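J.: If you're matching them up, the sequences are chains A and B in order.
Position 206 of the first sequence, counted from 1, bears residue number 206 in this note's numbering, the numbering being contiguous throughout.
For this note's numbering, count along the second sequence from 1 and bump the result up by 211.
Every clue listed holds true.
To give an idea of the chain B side of the interface with chain A (calculated C-beta under 7 angstroms), a few residues:
no.	residue
1	Tyr219
2	Lys259
3	Gly299
4	Phe300
In short, the hints are calculated from the structure, not lab data.
Predicted, not measured: the structure shown is a model, and the values here were computed from it.
All residues carry an ideal CB built from backbone N, CA and C; glycine is no exception.
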Amino acid sequence: MRNDVSTQFEDEIKSFWILSFLNLVFAAITMAYGVMFIVTRLQEMAQAGFLSALPVIIVIVGFAAAVLCIKWIVSSVEIFSSIEELKSAYTRKGQMTPEETTGFIIQMVNQYRTNKALIHTMILVCTLGGFCFFALGIMSSIEFISLGLTSGTVSLNYLLIPSALLSLGIAMVSLTCSYYFRKYTSVWDMRLSEISRSENMLEKTMEQNSP
Amino acid sequence: MSERRSRYEIYWEILVFCQTPRAFTVIINRCDLNSKTGQEYIEFLSRKGYLSIVKDGEKTMCAATGRAAEYITLFSRLYQTLFDEIPGFKL
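In isolation and in its complexed conformation, chain B is listed as follows:
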């Protein structure tokens, strides 16, 4: 079902997962992305200041920043509103 996700949903998944610093390969596996698109998403988030790239010895890790927390909160609020405000489906 991953191909149906919007880019904002993918940003959210990456940022939530990177609340603990993670390596690039771990991120793309967990978020079900290929290397190319994974690289694009991570670069974008890093450029916008939502992810910081941290060197941990040999490894390069990605960690969510304080700005990411704002995005995660806003995204969660907007998505939970879908169930709060729109009358639900019930038999």
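With the rest of the complex left out, here is chain A:
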């Protein structure tokens, strides 16, 4: 039987699956982009033959973002595989009795209990990653316009536009993922505190019903 509860349950599994999948895909893209970004900048620095402050800062920020990405990917895979397992089991079930629905609710609760710390890490990683890429995007945007202060000329480097847009895009997605992970934890933390209250009720019922 697929009642209202199981419909909502199904929606939540799908939503969290999409969020985890998006997060995983963008973590992989970010990792690839981060490495490409660092290599390109290092090549440019090597070709220029001298070190200026801004490219060095960009490489350092890019390197920090790439390191964060490794943590991001590992955590994303763990979260994604747990929700994927649950989603597959739910899809396979088809028609369900109320008891089976309750059984799935327990699994969902346990999925959250197991991944709670990881999801909190993800919120932090996504927020930090988002700000790192936001900083990269801003720096690339600044480099797009170079002002010749002595000559008073303005030159535009159009090649930096895609790089700046990509950085800002990744920053947006990363911050959005962080927002939705936070929303997910707030819903489930509320449920866990509700479960604590329910457990008190169950305990009292068991005490009262003791022979």
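Following the hints, complete the assembly by docking chain B onto the known chain A.
T.: Chain B in isolation, oriented as in the chain A frame:
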């Protein structure tokens, strides 16, 4: 994920599974418990009158009682309320 279950969730699993009389080893395998904790849970439920121990020839079977049905209903209602009353997560 079994280690994250609360004892009330384990009670529920045992009682639902024992709606049909089951042997101890079958229960601990199905509910993913070790012998020691499985024994403790079954003894507790039996002491509280939620499980009755039935002799079926050589075998000792555990069967959920009428009181267990009350627990199962209450538990299911409380857990389904989590999705009924708390605003859900949606993208």
